[in-house]
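**Q** Given next are the chains, with one letter for each unit.
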Amino acid sequence: MTADEYLNEVLASQALGDDSDEVKALQKHRADVEKLIRDNFRDTALTIRYAGSKAKGTMNKEAYDLDIISYVSSGDDTAGETLEDIYENHRKALAKKYYVEPKGSALRLKGGDPGNLGVDFHIDVVPGRFTDETKTDAYLYQSSGDKKRLKTNLDVHLEHVRDSGVIDAIRLAKLWKARNALPIRTFVLELAVIKLLDGMKKKSISTQMEHIWTELRDNSANLSVEDPANPTGNDLSKCLDDNLKSQLAAAAKRTLDQIDSHGWEAVFGKAEKQEKAARVEILRRAAAVATPAKPWLPEA
Amino acid sequence: MTHLWHRDDPALYEKEKAEVEAHFPDLHFVVEGDLVYVRGSFPVLHERDVLDRYSIELQLTRDHPKSLPVVLEVGGRIPRHNDRHINPADGTACVLLPDERWKLWPVGTPLLRFLTGPVHSFFLAQSLVEEGEPWPFGQWAHGVKGVFQYYRELLNTSDLPVITKYLEYITAKKVKGHWPCPCNKGNRLRDCHFRLIIDLREKISRKDALKSLEALKAAGPSVIEMAEAKPPVPIG
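If you read the protein sequences in the order shown, they are chains A and B. Sequential numbering from -3 applies to the first sequence in the working numbering. Sequential numbering from 20 applies to the second sequence in the working numbering.
Pulled out of the complex, with its shape left as it was, chain B reads as follows (with noise of 0.2 Å):
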């Protein structure tokens, strides 16, 4: 039998519902069929004043708040480009890289959080790149590339090799001490980077770290030098 959060957690659906239209009126939880999508109008606030909007819909997962739910821009405002983080195929909008949501929405929090966090930031920064500003916060390459510049950031080495063993610790099924560290240091991992090892296997969810693993190792040494590539014009 397929489990629909918000019949098996009704309470939570309410939860949900009740705070992210108090603190966004023009957003509205809607159930069609199995599915529950939040729909209207989204606020770039500053303080309290609006500085724009767009049209939104959030579908939000089967199994929410689990997995991220699929933002979409439907106003037709922001052109379906790579370069602004639409997918071309489906419309929908990449706000953050799933390994990043422990650190922008982690998995436990409302919904609200992440409305108010990472679509907030997204929008905000497709206003200005609209203006033919930079993009604000920055951008992750897409695709493994982005992976990669993602973990060479956290991880603090542009080494892919360490970078893939750390990727297996994460994704072990468990981690033992004795284990060599994956700094390649020569030291044993609980002598090391064991704090690390573990404090990553709580936040970055198996699922997307493994995917990320396995996207860096069929990519493979070029992805290094492919993530060092300049960054795409932005589309106005």
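Here chain A stands alone, though its shape is the one from the complex (with noise of 0.2 Å):
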């Protein structure tokens, strides 16, 4: 098998069509969170959809986000007068079924259920507010970091990436990230993606990989990136600081090290799909052969 079709079973395999479980249970907890926030504010016009990922086409089944933009219309007061109060609503709206982590400008929506408590979902709430009544540009409330307003476009950003001609490569770099704990923001990790392989949109997707993680080794104090939507505005040098640019470049060589040593299965191990009885047969057989280890739980 060549790097490619290696790649390219990856990429299968990492797949998430509408039809498969994961994305069946997004799209339910996308009505039902919809409907909560409609509820909370039936005196507000909203404009939810969806951003992030499912929305761009980069999706992976092992790490996955459904991205939901809650904007109200400019001018409106009703889900509350300043960014900040409407974050804030919109986070208490949500509150009432989910356990929310605040994290930059998104809402985190995780179970709070005895039965599900802490098991992430995998969605995150946008609120914000239009600029005007093009409905393009919006103002997100920041709840960290020095600047509390931060100015953005969605279609901006999902033509960016969609449009960019390098999603599969933007796909497994969102996997290495994930085997590799980065602490980089997904976002900043396509930007970055798109820029480097500026000019090589037609080049075999292992020539992209490689090309990503040579400039990450080489040059990766050099990178910088810039938010589409708000290029001037918006600064996105602390997403990408000293550690973490060093963090990429360690990443990136331990990467190209693995390729050259043991080839490129030793990237992302085997890409296969399995039905959930082989699934569970090859689970138990594992668990014949493995250390018998009971867990237990310090305090009832």
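No wet-lab data here; the hints were simulated from the structure. Heads up, some of the hints might be wrong.
What the hints assert, rightly or not - DSS-like cross-link-like pairs, simulated, lysine-lysine; straight-line CA separation at most 30 Å:
| # | chain 1 | residue 1 | chain 2 | residue 2 |
| --- | --- | --- | --- | --- |
| 1 | A | K57 | A | K241 |
| 2 | A | K241 | B | K36 |
| 3 | A | K88 | A | K99 |
| 4 | A | K249 | B | K122 |
| 5 | A | K143 | A | K234 |
| 6 | A | K106 | A | K88 |
| 7 | A | K241 | B | K34 |
| 8 | B | K184 | B | K236 |
| 9 | B | K222 | A | K249 |
| 10 | B | K36 | B | K226 |
| 11 | A | K31 | A | K93 |
| 12 | B | K184 | B | K226 |
| 13 | A | K173 | B | K222 |
| 14 | A | K199 | A | K147 |
| 15 | A | K266 | B | K195 |
| 16 | B | K226 | B | K236 |
| 17 | B | K34 | A | K266 |
| 18 | B | K226 | B | K85 |
| 19 | B | K195 | B | K34 |
| 20 | B | K34 | A | K173 |
| 21 | A | K31 | A | K131 |
| 22 | B | K36 | A | K57 |
| 23 | A | K234 | A | K131 |
| 24 | A | K92 | A | K147 |
| 25 | A | K143 | A | K173 |
| 26 | A | K143 | A | K57 |
| 27 | B | K195 | B | K236 |
What the hints assert, rightly or not - Taking CB as the label site, the calculated pair distances span:
| # | chain 1 | residue 1 | chain 2 | residue 2 | range |
| --- | --- | --- | --- | --- | --- |
| 28 | A | E97 | B | K204 | 57 to 63 Å |
| 29 | B | H42 | A | D35 | 48 to 54 Å |
| 30 | B | V93 | A | Q254 | 19 to 25 Å |
| 31 | B | G52 | A | K131 | 41 to 47 Å |
| 32 | A | I278 | B | G157 | 55 to 61 Å |
| 33 | B | E221 | A | E97 | 43 to 49 Å |
| 34 | B | N175 | A | K92 | 49 to 55 Å |
Idealized CB from N, CA, C, for every residue including glycine.
Please assemble the complex out of the two chains, which come individually in their own frames, going by the hints.
**A** Rendered as structure tokens:
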């Protein structure tokens, strides 16, 4: 199998179709989340839609999120006077059903019931307010950092990624981030991949990935990204600081060394899908030869 | 002055790191502040096939490898529920009963053995439980009930006073052969279970055994009834 055939198999094994259990669960949550928000803001004309990897086509089975934007119209104060009020009122509304974790401009939803406590539903709700009646640019509240307001444009972000022509490389880079526990924001990684692959759209996927890792290994100190929705207004340099750059460089070096020493399969492992019955059977077989360790818990 | 294992013994740090990263290429050592973390994607393996993956973090204690590392599943996949052996308060996973450590990850053995042994079994079991299967290796009841179950199995007796007596001998600073044997058969220790006591004193850390002894004493006879109760139905 060639490197490109292998990487395409990895991509296929990580694909999340609309009929997959994961996406069905996300869609069910999405409907619940939308109802919860609309029920709480009955007097507000909200724009609620998918953003993030679902809208960009960059979802991976191993690390996926569903971003949902919930924007109020410009000049509408019914969901809150300030951006912070809008953010906080969304948090309170969502907290009726979920455990809500503030995360930058987003609200991460986790299980709040005893049966699913702490389970990450992979859903981020991003509240905001459109800047004007064209409903294109929007202001978001930032719960952390010095700057409390961020100007953005969902469609510009979506188009920038969706039309980049390097979606496969972005999906593999996201999988690489997950496997290496790299603390880089997904959006920043996407921008970095697009920038690094400028002029390389027509190259094979293995060439693209090797180029990304080589650049990260050798030139990460010079890497910078700009927010396509607000290139001069949103400073992303803090999202790509020296510490993170050195972590990216080290991980890229490791990956290239793995390819050199053990081939491509060492990077992402075998790519294969399994049906549930076969999966349970092989897990049982693994358990039959594993160290029999009983779990415990200090306090009931 | 606080001792930090990785600074006191850099050779051990390098050895642990090299062994773990060679066996698990997607796990990485990170030093943050005074602590060492092992982070990344942990594979559930059978032969050489990856059956599943979990995003994990191990926090190695300052006195590593003396104390057990703190294990966390950070991907938000496993519910933070007692019945999944994840502490709801802080998300920590309890992969083993500390008193049983000697069997699964004896003091002095490499961190890699902790990962390939109890940690691997823990996540393999989680994958099966997630599919609606029972715990493949069984499970200890939570808290002191589990402690009682463990010593009941280890010492082959349900007699709580006998178990606590054994624990008193295991935790005593010294044991003397002329003492009465904790098994209650009326023999002197040297003529009865002396070897067993010496063996357990070497295997079970005094700190862990003391904790268990105190917990059993505090719980009293009701722990026997509690330990007999049906185990909880796992939450999938």
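**Q** Which earlier hints turn out false for this structure, listed by number in ascending order?
**A** Checked against the structure, the hints that fail are numbers 4, 9, 13, 14, 15, 19, 26, 32, while the rest are satisfied.
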